[in-house]
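S.K.: Sequences are here, hints too, so could you generate the full structure?
Heads up: the protein sequence lines correspond to chains A and B, in order. With UniProt numbering applied, the first sequence corresponds to residues 1 to 353, in that order. With UniProt numbering applied, the second sequence corresponds to residues 1 to 411, in that order.
Zero decoy hints are in this set.
Calculated from the model, a selection of chain A residues having no Cβ within reach of chain B, i.e. all distances over 12 Å: (1) His185; (2) Val279; (3) Asp319.
Short, incomplete list of chain B residues facing chain A, as computed with Cβ under 7 Å: (4) Arg72; (5) Gly115; (6) Pro117; (7) Asp126; (8) Pro135; (9) Arg242; (10) His246; (11) Val281.
Covered by chain A, according to a simulated footprint, are these stretches of chain B (three or more residues, beta-carbon under 8 Å): (12) 103 to 113; (13) 136 to 147; (14) 247 to 256.
Just so you know, the hints here were simulated from the structure itself, not pulled from any lab data. Note that the Cβ used here is the ideal one computed from N, Cα and C, for glycine as well.
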Amino acid sequence: MSATATLTNCYVPLPAISHSLESTAAFDPFSRPSDHHNTTIALVGQQPSTADAASNEQRRGPRTLRQIHLEHSALSQSNGSSLVEWGHTKLMVSVRGPRPVNCSSMNAANNGGGLVCEVRYMPHVGIRMETLAQHSLSQDFSSKTSGGARIPRDALGTAQDTSLLSSGGSLCAPAAFLDETYLSHRLYEALSPAVILKDSSKMCVEVFVEVLQSDGGVFNAAVLGASLALVDAGVAMRDVVCAGSAAVMKVETTLTTTDATQVGKGVTAKQTDSSHHHVVIADPTEEEILQASGVLTIALMPNWKEVTVWDQFGKMSMDSSSEAIELARDGCVTMHKFLKNCLLNGAGGSSAR
Amino acid sequence: MAASSTAHLYSQGEGEFSCSNTTSGQEWILDAYRALEPRNYLHEFTSQNVRPDGRPYSASRPITILQSIFTRNSYGSAMVTLGGASSSSSNTSSGSTIRTMEATRVIAACTILVGQPNPATPTEGDIDVTLTASPLSGPRFDIMGRETAGDSSTSISLGNYHLAGQQQQQQQQPPYSQISENLCSDILKNSHLQQPYQQQPSSSPTDVKEIESWIRRTLRSSRFINPTELGIEPGVSAWRIRVSIHIVNHEGNVWDASLLAACAALSDLRIPMVEIERGVVRIVKNEDGEGTSSNDLQHSGKKKKKKVQRREGRSLTLGPPPVPLTIAILPNSNTDDSPSNNTRILLVDPTHLEEDVASGNIVTVVCNTKEEIVEFHKKGSGSRLSMEQVAAVGCMGFGRARELEKFIIGG
Numbered sequence: 001m002s003a004t005a006t007l008t009n010c011y012v013p014l015p016a017i018s019h020s021l022e023s024t025a026a027f028d029p030f031s032r033p034s035d036h037h038n039t040t041i042a043l044v045g046q047q048p049s050t051a052d053a054a055s056n057e058q059r060r061g062p063r064t065l066r067q068i069h070l071e072h073s074a075l076s077q078s079n080g081s082s083l084v085e086w087g088h089t090k091l092m093v094s095v096r097g098p099r100p101v102n103c104s105s106m107n108a109a110n111n112g113g114g115l116v117c118e119v120r121y122m123p124h125v126g127i128r129m130e131t132l133a134q135h136s137l138s139q140d141f142s143s144k145t146s147g148g149a150r151i152p153r154d155a156l157g158t159a160q161d162t163s164l165l166s167s168g169g170s171l172c173a174p175a176a177f178l179d180e181t182y183l184s185h186r187l188y189e190a191l192s193p194a195v196i197l198k199d200s201s202k203m204c205v206e207v208f209v210e211v212l213q214s215d216g217g218v219f220n221a222a223v224l225g226a227s228l229a230l231v232d233a234g235v236a237m238r239d240v241v242c243a244g245s246a247a248v249m250k251v252e253t254t255l256t257t258t259d260a261t262q263v264g265k266g267v268t269a270k271q272t273d274s275s276h277h278h279v280v281i282a283d284p285t286e287e288e289i290l291q292a293s294g295v296l297t298i299a300l301m302p303n304w305k306e307v308t309v310w311d312q313f314g315k316m317s318m319d320s321s322s323e324a325i326e327l328a329r330d331g332c333v334t335m336h337k338f339l340k341n342c343l344l345n346g347a348g349g350s351s352a353r
Numbered sequence: 001m002a003a004s005s006t007a008h009l010y011s012q013g014e015g016e017f018s019c020s021n022t023t024s025g026q027e028w029i030l031d032a033y034r035a036l037e038p039r040n041y042l043h044e045f046t047s048q049n050v051r052p053d054g055r056p057y058s059a060s061r062p063i064t065i066l067q068s069i070f071t072r073n074s075y076g077s078a079m080v081t082l083g084g085a086s087s088s089s090s091n092t093s094s095g096s097t098i099r100t101m102e103a104t105r106v107i108a109a110c111t112i113l114v115g116q117p118n119p120a121t122p123t124e125g126d127i128d129v130t131l132t133a134s135p136l137s138g139p140r141f142d143i144m145g146r147e148t149a150g151d152s153s154t155s156i157s158l159g160n161y162h163l164a165g166q167q168q169q170q171q172q173q174p175p176y177s178q179i180s181e182n183l184c185s186d187i188l189k190n191s192h193l194q195q196p197y198q199q200q201p202s203s204s205p206t207d208v209k210e211i212e213s214w215i216r217r218t219l220r221s222s223r224f225i226n227p228t229e230l231g232i233e234p235g236v237s238a239w240r241i242r243v244s245i246h247i248v249n250h251e252g253n254v255w256d257a258s259l260l261a262a263c264a265a266l267s268d269l270r271i272p273m274v275e276i277e278r279g280v281v282r283i284v285k286n287e288d289g290e291g292t293s294s295n296d297l298q299h300s301g302k303k304k305k306k307k308v309q310r311r312e313g314r315s316l317t318l319g320p321p322p323v324p325l326t327i328a329i330l331p332n333s334n335t336d337d338s339p340s341n342n343t344r345i346l347l348v349d350p351t352h353l354e355e356d357v358a359s360g361n362i363v364t365v366v367c368n369t370k371e372e373i374v375e376f377h378k379k380g381s382g383s384r385l386s387m388e389q390v391a392a393v394g395c396m397g398f399g400r401a402r403e404l405e406k407f408i409i410g411g
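M.R.: Here's what the structure looks like:
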């Protein structure tokens with residue numbers, strides 16, 4: 001490949017600076033950009049319910065989830081499989097049913113049985129390259145000195161281990177780019193209380209998640225898709241597992257009109273202390289996570305009302321924390337509704353709340 | 001409690017399928033036969049001039065190409081499906097989800113990099129290809145995306161036999177369903193296992209790296225994309241298009257599916273608008289249309305001392321797309337292996353089972369709509385083709401190129 005390559009010193013082109021400054025400045029929790037023009041991977045040929053999607057307004061509010069499309073039995077080569085499209089986050093899950101340990105292909109190293117979970121990003125496409133470059137750890141290659149930001153070689157390869165990245169300015173960057181190892185472990189922790197394996201020393205169930213495109217909420221979509229695929233494979237489960245997340249955003253609250261008058265009077269000093277308050281939003285996208293001051297993710301079994309995973313990045317006050325938990329829990333319950341609907345009717349759904 | 005009731009309802013739903021099919025109780029026998037004796041299994045069908053999925057020899061599976069599936073992380077993407085959805089869409093029963101089985105599905109997406117062009121070709125950019133597989137692709141793929149050889153017959157997927165029964169029920173061709181039913185009863189009488197093949201040639205695993213380099217060579221040599229299209233500033237910067245292809249579901253013939261997906265993703269590719277500042281390329285997001293770009297223009301006008309240059313976003317000008325056609329060469333086991341008796345069976349667009357039985361004896365022809373053969377590869381040592389057969393393969397390739405060009409280009 002190096003012999004035929006005509007280009008050297010490749011780097012990922014970054015967005016122009018002026019635009020990125022503008023976009024970070026203005027965040028309105030009551031009109032978040034929505035992605036209803038999103039095309040789905042219609043595996044089945046059945047039309048996704050576009051009618052209600054068109055009737056929705058193009059902006060979603062702080063408590064609205066993104067549009068979701070679920071599908072099971074999407075792959076012929078797996079015992080159970082599912083496709084989840086959660087806004088722009090798209091992933092596929094394959095479950096290789098309960099089978100003897102010795103023909104497992106995924107846990108060749110440890111010979112124990114039980115549940116095996118693996119999450120992988122699709123090479124180059126799974127994580128957006130520009131965002132990765134902006135948060136890369138190589139400060140000497142930063143955009144100011146040499147111009148084009150470079151991604152460390154490891155991140156350019158197929159294994160996208162984002163633990164190498166520094167959090168590049170944003171408090172919640174680790175929540176936005178959960179790396180594969182972390183996601184795999186967390187997925188295992190979320191699912192293992194729900195999966196019933198009779199003889200876990202001899203049988204194993206393998207869950208493989210391929211993240212085709214990530215836009216925040218990868219863990220939520222992975223948990224949802226894994227539950228769906230496990231049910232599709234006929235694995236005995238106590239309950240399905242759903243996950244939801246909520247972000248705490250710091251929002252400038254001063255009304256611009258009054259602010260302007262007060263600036264004229266010269267009483268700005270007092271204003272700056274209380275000029276922001278915290279707003280909790282449900283189901284943050286990647287860009288919202290990068291601007292957030294704290295992100296909370298929970299996974300729970302809706303029928304047992306038991307939480308299996310609880311993750312928090314960043315800082316949030318007690319009040320907003322409890323509000324975020326409520327919002328994430330509501331998100332889980334809504335997801336459970338769609339999951340049930342998909343299993344019973346074999347249909348996807350679009351969400352607005 | 002509600003979860004248990006959902007599981008109950010779901011299993012009831014599946015029960016309907018299996019009840020409606022009379023032979024469903026015996027489907028597992030067919031599955032086991034297929035997994036253990038793929039050659040004999042295939043021979044049961046080819047001896048009566050039909051293939052296990054009901055196609056004639058020269059028919060390919062229906063092809064679905066869906067473009068712009070990933071709009072966020074990539075600049076052009078496509079998904080190619082061989083078989084599956086479109087053939088079953090005519091049936092309008094409730095279990096439509098289940099009939100997308102047996103479809104090869106490949107996803108391709110383009111990401112872009114900026115690099116310094118080679119001094120020998122200062123105006124040319126580059127196309128790079130990455131092809132990956134994962135355990136998603138099939139039961140024989142491990143976590144690294146390598147396919148192990150097919151001799152581990154322990155990985156029979158017996159879980160889906162009711163689905164296979166559902167599929168067979170919908171086949172409209174009477175000889176085909178007769179074959180499978182007769183086969184089922186015959187196996188029960190144990191009449192077929194008397195002459196097993198002595199040596200089972202190991203099925204050749206799909207070599208992902210081989211396909212990857214083949215696609216890279218084909219895209220570069222076919223002039224589907226003119227490399228000078230990808231230059232930004234001569235001698236300073238040029239685009240490198242990185243096409244990432246992923247085998248989502250491997251049901252045979254990933255060669256064709258991957259190249260088609262790469263071409264479709266490249267035709268979907270739209271180079272973004274960039275501004276160049278002292279040799280550094282930055283992307284201008286003009287998702288909001290004219291408003292943002294005019295704002296930015298004012299902005300760049302303000303800081304005049306920095307030399308900012310703009311290039312408009314554009315799609316690429318495409319040449320005739322290379323259209324592949326893969327044909328498996330099956331030794332006809334009816335006749336003796338005398339060199340004069342040249343009765344090979346050519347199976348267009350082989351499934352995974354047929355590829356396994358052909359054990360690497362495969363012809364791939366890449367044609368374009370200008371009636372040119374871009375490439376012709378015959379792989380495998382266990383097969384010989386006559387000149388007439390080679391000519392026939394070429395003709396089929398031309399027909400396929402005419403058929404598929406508008407899907408690749410137009411979307």
